[in-house]
Each structure stands twice: as structure tokens, then as C-alpha cells.
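Now for the letters of each chain:
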Amino acid sequence: MDKKMSIMVVDDEEIVRESLYHWFKKYGHIVETAASGFEALEKLEKYPFQFLFVDIKMPGMDGIELLEKVKTEYPDTLVIIITAFGSIESAVKAMRIGASDYLLKPFKPDQLSLVMERISHQKKLVSEYNYLKGRLDKISRFDNIIGQSSAMASVFDIIQEVSQSDTSVLLIGETGTGKELVAKAIHAKSQRSHLPFIAINCGSIPDSLLESELFGHQKGVFTGATHSRKGFLEVVSGGTLFLDEVGEVSPKMQVNLLRALEEKKITSIGSREPVEVDFRLISATRRNLEKDIDNGTFREDFFYRINVIMIEIPPLRKRKEDIPLLAEHFLEKYSQETTKHVDHINRDAMTLLKHYDWPGNVRELENALERAVVLSKSRTLGVEDFSFIQPSGIQFPQSLSLREMEKGYIKKILEEKNWNITQAAKVLEINRVTLHKMIKRYHLARPIH
Amino acid sequence: MTPSKKCIGVVPFGDVPVIALKIIAAHISVYFDLLPQILPPLKLPEHAFDQKRLQYDAGIILRSLESMDSNPCEKVIGVLKPDLFVPIFEHVFGEARQGEQCAVISLFRLNKNPDGSFPTTAIVYERAAKVALHELGHLYDLYHCEDEKCLMHFSGGLDDLDATSLYLCRYCSMYLKYNISH
Chain R
3 MDKKMSIMVV
13 DDEEIVRESL
23 YHWFKKYGHI
33 VETAASGFEA
43 LEKLEKYPFQ
53 FLFVDIKMPG
63 MDGIELLEKV
73 KTEYPDTLVI
83 IITAFGSIES
93 AVKAMRIGAS
103 DYLLKPFKPD
113 QLSLVMERIS
123 HQKKLVSEYN
133 YLKGRLDKIS
143 RFDNIIGQSS
153 AMASVFDIIQ
163 EVSQSDTSVL
173 LIGETGTGKE
183 LVAKAIHAKS
193 QRSHLPFIAI
203 NCGSIPDSLL
213 ESELFGHQKG
223 VFTGATHSRK
233 GFLEVVSGGT
243 LFLDEVGEVS
253 PKMQVNLLRA
263 LEEKKITSIG
273 SREPVEVDFR
283 LISATRRNLE
293 KDIDNGTFRE
303 DFFYRINVIM
313 IEIPPLRKRK
323 EDIPLLAEHF
333 LEKYSQETTK
343 HVDHINRDAM
353 TLLKHYDWPG
363 NVRELENALE
373 RAVVLSKSRT
383 LGVEDFSFIQ
393 PSGIQFPQSL
403 SLREMEKGYI
413 KKILEEKNWN
423 ITQAAKVLEI
433 NRVTLHKMIK
443 RYHLARPIH
Chain W
96 MTPSKKCIGV
106 VPFGDVPVIA
116 LKIIAAHISV
126 YFDLLPQILP
136 PLKLPEHAFD
146 QKRLQYDAGI
156 ILRSLESMDS
166 NPCEKVIGVL
176 KPDLFVPIFE
186 HVFGEARQGE
196 QCAVISLFRL
206 NKNPDGSFPT
216 TAIVYERAAK
226 VALHELGHLY
236 DLYHCEDEKC
246 LMHFSGGLDD
256 LDATSLYLCR
266 YCSMYLKYNI
276 SH
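Chains as they are written, first to last, in the numbering used here: chain R, 3 to 451; chain W, 96 to 277.
Hints are not guaranteed to be accurate.
[To be verified] Once the Cα atoms are required to be at most 20 Å apart in a straight line, the calculated SDA-like pairs of lysine to any residue come out as:
hint, chain 1, residue 1, chain 2, residue 2
1, R, Lys414, R, Lys442
2, R, Lys6, W, Cys264
3, R, Lys110, W, Asp257
4, W, Lys147, R, Ile17
These are calculated hints, taken from the structure and not from any lab test.
Generate the whole structure from the sequences, applying the supplied hints.
Below you can see the structure in the form of C-alpha cells.
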């Protein structure tokens with residue numbers, strides 16, 4: 003039996019609560035009591051009890067109803083039904099719904115010990131199952147990139163393909179979409195995976211320093227160069243260099259990098275001796291580089307050199323079906339990191355997360371979950387825990403009628419889903435026929451390009 | 096009156112053989128190194144008797160012990176001959192609330208072996224001493240122990256009770272010393 007378990011005794015009879023409370027205390031368990039099903043649910047919201055001992059006959063919410071709610075909201079919590087002789091039928095029903103065991107009142111003290119041993123064993127099996135299930139869930143993950151949407155499935159396919167070659171890859175995506183994770187995944191799957199992966203954020207380093215960081219410098223070549231230093235292009239030796247925010251690199255530096263890519267040789271600042279380098283380049287940007295080429299701020303030859311294969315990482319608002327999976331992942335991550343017992347997101351909160359546009363993408367979602375877990379006083383995150391999220395959506399004037407709002411919202415979702423009826427109907431949680439009817443009713447039409 | 100430290104009261108409820116009380120007291124002195132004191136007998140509270148179950152409610156007896164006037168001891172163990180129960184269980188050999196002041200034990204089920212035979216008086220009193228020491232352990236906040244030989248191991252029946260020793264395991268012994276001194 004586990005050394006210490008968390009147990010709640012739910013019974014309207016004080017004497018039963020008291021007896022079981024004192025009994026479990028003798029084993030050093032964490033014990034709580036509740037006089038009704040409602041009180042039990044309130045306490046479960048705040049603390050994740052492992053076991054519930056529930057009396058079947060209680061006024062208000064009976065044991066069966068409580069069991070149903072617990073199994074829906076907190077499936078990991080094991081429920082043991084306590085019943086008096088004569089209500090065996092209810093006990094059988096409870097077992098069918100998902101009770102772990104039942105006890106007939108009054109029972110022998112060692113019967114309770116046996117039940118505890120049995121359910122502890124069952125709990126262990128459940129943990130093992132969850133572990134295995136967790137491993138299976140990882141099928142939805144791809145080297146720490148989480149997503150089961152069709153948009154991400156295409157990204158995973160491209161990653162798989164490009165990782166086998168040595169060509170330069172350009173990752174396009176808004177801030178927070180996980181460009182570095184994709185770069186790492188490509189590296190991890192490539193033949194260079196045992197060699198270094200070096201990431202440099204070009205946007206955060208001044209041009210003069212970036213040159214020194216990439217190409218290295220000789221001792222005394224500028225103020226502060228107290229010793230010679232190898233550049234990352236040399237240090238990476240055989241690995242992968244990830245240049246984030248490559249759109250911020252100055253045209254002069256673009257020339258230097260272009261030469262390094264073509265000649266596979268670099269010369270550190272202050273040196274005349276070129277050094278051979280070998281690296282795979284992955285670049286990333288959130289800018290429209292083609293526009294920058296038109297503006298003359300980005301070199302076309304460099305663009306084509308770094309952009310042999312382009313991978314576009316979709317923003318989170320275009321793969322909203324991944325939000326629950328991501329939210330659960332971050333919930334688990336921060337629940338463990340903060341050691342707070344927060345393990346649920348209620349339906350309303352999940353709806354809020356799904357309908358928010360996430361301009362900061364996955365990073366913003368991660369930060370939101372971290373903040374909610376840290377500040378939450380309950381084990382279930384509700385809408386109030388995400389009050390800092392300002393639902394974006396389309397802005398409607400206050401005088402808009404319900405009909406106009408509905409029309410506007412349907413139009414927005416259709417546009418977001420590129421008029422894919424199946425996908426839009428899924429987001430709107432209506433069937434396709436209803437959506438067609440609404441399109442007709444509101445005279446909505448697909449724009450002609 | 097302020098309870099004097101380390102004094103353990105042994106209180107008979109109704110007609111309890113004096114020899115049983117003396118043996119329990121001697122075991123408390125030897126095995127727990129505490130100072131037992133046999134207190135004057137108390138009357139069994141009538142309202143503790145359950146007419147349906149024909150047993151005494153251990154919880155009610157504990158409450159009557161707790162409200163006992165002029166109790167000179169830090170902990171008190173009540174001893175009675177009739178059978179004891181707590182509402183959820185068919186019976187109990189004894190009952191104590193974790194870390195509290197009073198416990199109660201019954202001699203009723205100790206004088207008949209599970210196979211129907213009758214044990215010697217020595218065995219009956221040794222069983223009584225084990226139950227009393229086990230409940231006293233709970234009063235000093237010891238939990239049920241997983242070590243089957245330890246006095247604090249839970250005994251559901253007489254077979255289990257006979258299998259446990261009068262000694263505490265290393266850990267329970269350590270906790271007992273600590274809890275007594277604090």
C-alpha cells in the first residue's frame with residue numbers, strides 16, 4: 003500500500019465520517035470528509051484526492067450521481083462505494099459506472115484493509131496505463147512539436163524529408179510559432195544530429211558583434227578583444243547553425259554569409275588565413291523577405307541561397323484544433339514545475355482558449371498557461387483564471403443585432419478556414435447542412451479571386 | 096488538574112479482573128517506559144450500548160473518558176469486558192483517536208481462539224496487553240506500521256494479533272520516544 007494517500011470520506015452521517023476519518027488517520031493518510039456530494043465536488047476542485055469513499059444514500063446528490071460526476075471530471079480519482087445491506091443493486095450499478103469497489107456496512111476492519119490494498123494495486127495499474135497512454139500520445143508530438151492538425155502534419159512531413167538532405171532551409175512564421183523547435187527537429191533527425199546545434203538570434207545582436215560572433219576574431223583586433231576567439235561558423239563544425247530573425251542581418255553581413263555558404267571557408271576578423279567550415283544552415287524569419295528584396299534591404303542572391311526549401315509554420319489561429327492538446331501539455335508541464343496540483347481546464351475556459359486568436363502564438367499560449375497555473379487557487383482552471391486574455395475576434399459595434407453578429411461570426415470562420423465547409427462547421431460546432439443553410443440565409447458568398 | 100507527564104491511567108469500566116489491569120500496567124511500564132496508574136473503576140455509560148448490535152459504541156465510551164473529572168494522567172486507557180464496535184466496523188479490539196488522550200479496549204474477543212478453542216489465561220492477557228499498547232501507540236501519534244512483527248501493525252483478527260510482537264519496530268520505537276519527549 004502507498005505510504006500516504008489522499009482520501010475523502012463522503013457520507014451524510016457524521017458518525018461514519020468520523021469513524022473512517024480516524025481509521026485512515028491511523029495510517030498517516032491525508033483525510034478529508036464531506037457531508038454531501040456538493041461539498042465533495044467543491045473540495046475536489048481544490049485538492050486532487052486519490053480515493054473517495056462514498057455512501058450511496060445521501061440527500062440531495064446521492065452517491066451514484068456523485069460517482070458519475072467524479073468519473074467525468076476527475077477520472078483518475080478512484081471511488082469506493084459504501085452501502086448498507088439491502089442496497090446491493092445500487093452497488094452493482096455503481097460498479098458498472100466506474101466505482102473501484104464497494105463495502106457493505108458494517109464491515110470487518112481487515113476488509114477495509116484488503117480493499118485499500120486492492121485499489122492501491124489498481125491505482126498502480128492505472129498509473130502504468132497512463133504512462134503507456136502518454137507514450138502513445140507522443141505520436142501526436144514530433145520532437146517536442148505538438149500538433150495533430152492537418153497543417154502541422156504537413157510541417158512534420160516536410161521536416162522528415164528535409165532532414166535527410168543537407169540543403170539550406172528557411173522557416174517562415176509569426177513570432178512564437180516554434181521556428182526554433184522545427185530547426186532543432188530537423189537537426190535531430192539529420193545525419194548531423196550528434197554534432198552541435200547552435201542558434202543565434204540575429205535581431206538581438208548588433209551587426210558589428212554579429213560578425214565577430216559568426217566569424218570569430220584575432221586578439222587585439224578591436225578594443226576589448228583581449229584574446230582570439232573562434233566564430234560560431236567554425237565552432238559548429240559539422241553541425242547545424244540556426245540563424246533566427248535572418249531578415250535583420252545587414253546587407254554587408256549577408257554578403258559575408260553568402261560567401262561562407264558558397265566557399266565553405268571563412269576568415270576571422272583580423273586574420274588573413276581562411277578556415278574551412280562545414281555546417282548546415284537553417285534560417286528563420288517572421289518578415290516578408292520578398293518585400294524586403296523589393297525594398298532593397300535584403301539581397302536576392304542571399305535569399306535564394308538560404309531559401310532552398312521553405313517551410314511555413316502556421317500561426318496558432320489557423321490550427322485551433324491543436325489548442326486543447328497544447329493547453330493540456332503546458333498545463334501538465336507547469337503543474338509539475340510549480341508542484342501545484344492543477345490538472346484540469348474546464349470546458350468554458352477551453353472554449354475561451356480555442357476562440358482567442360493568440361497573436362503571440364504558441365509562446366503566448368504557453369505563457370498564459372504558466373500564469374494561470376501559478377496564480378490558480380483551484381485544481382481546475384476556469385475562465386476567471388484567464389481573465390487577462392482579451393478575446394479578440396471581430397469587433398462588432400455595440401448596436402449590432404444578434405442576427406448580424408451571427409452572420410459576421412460565420413463569415414469570419416469561413417474566411418479563416420478558406421471556405422472549407424467541413425472545417426468551418428467543426429469550429430462552429432454545427433453540422434455541414436446547417437452551415438449551408440446559414441450561408442444561404444445570410445447570403446454569404448465565397449469571394450472570387 | 097494539569098495532567099502529570101508520562102502518567103498513563105488504566106481505567107476499568109465495570110467489572111474487569113484486577114489481574115488484567117495489572118498486566119496491562121506492567122506492560123506499559125516495561126515496553127513503553129511510562130508510569131502506569133490503575134484508576135478507580137467507572138460505570139459503563141448505558142447510552143453507549145447499542146440494542147441492535149448488542150455491543151458498546153467505542154466512540155461514546157471515548158467521549159465519556161475524555162469528560163472524566165480530575166484525570167491525573169497524560170493518557171488514559173479504558174478497559175472493559177463487553178464487545179466494542181465503531182459504526183462502520185463489525186467489531187474492534189480497541190479504539191483510539193490519533194494523537195488524542197483516551198483509548199478503550201475490550202477483552203471480549205480475546206478469550207476464544209478463531210478455531211473455537213480456548214486459550215490459556217496467559218495468552219488472553221498478553222493479547223490484552225498488545226491491544227492496550229497498540230492503542231497507546233496511537234495516542235502518541237504512531238501510525239499503523241507495515242512491519243508485520245511490529246506492535247503497531249494492524250491486526251484484523253486474533254491470528255494477526257498473535258503474530259505481532261510486543262515490540263515496536265525500529266522506526267516506530269524512534270517515533271514513540273520522540274513523541275513522548277515532545
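Which hints, by number, does the structure contradict?
-> none
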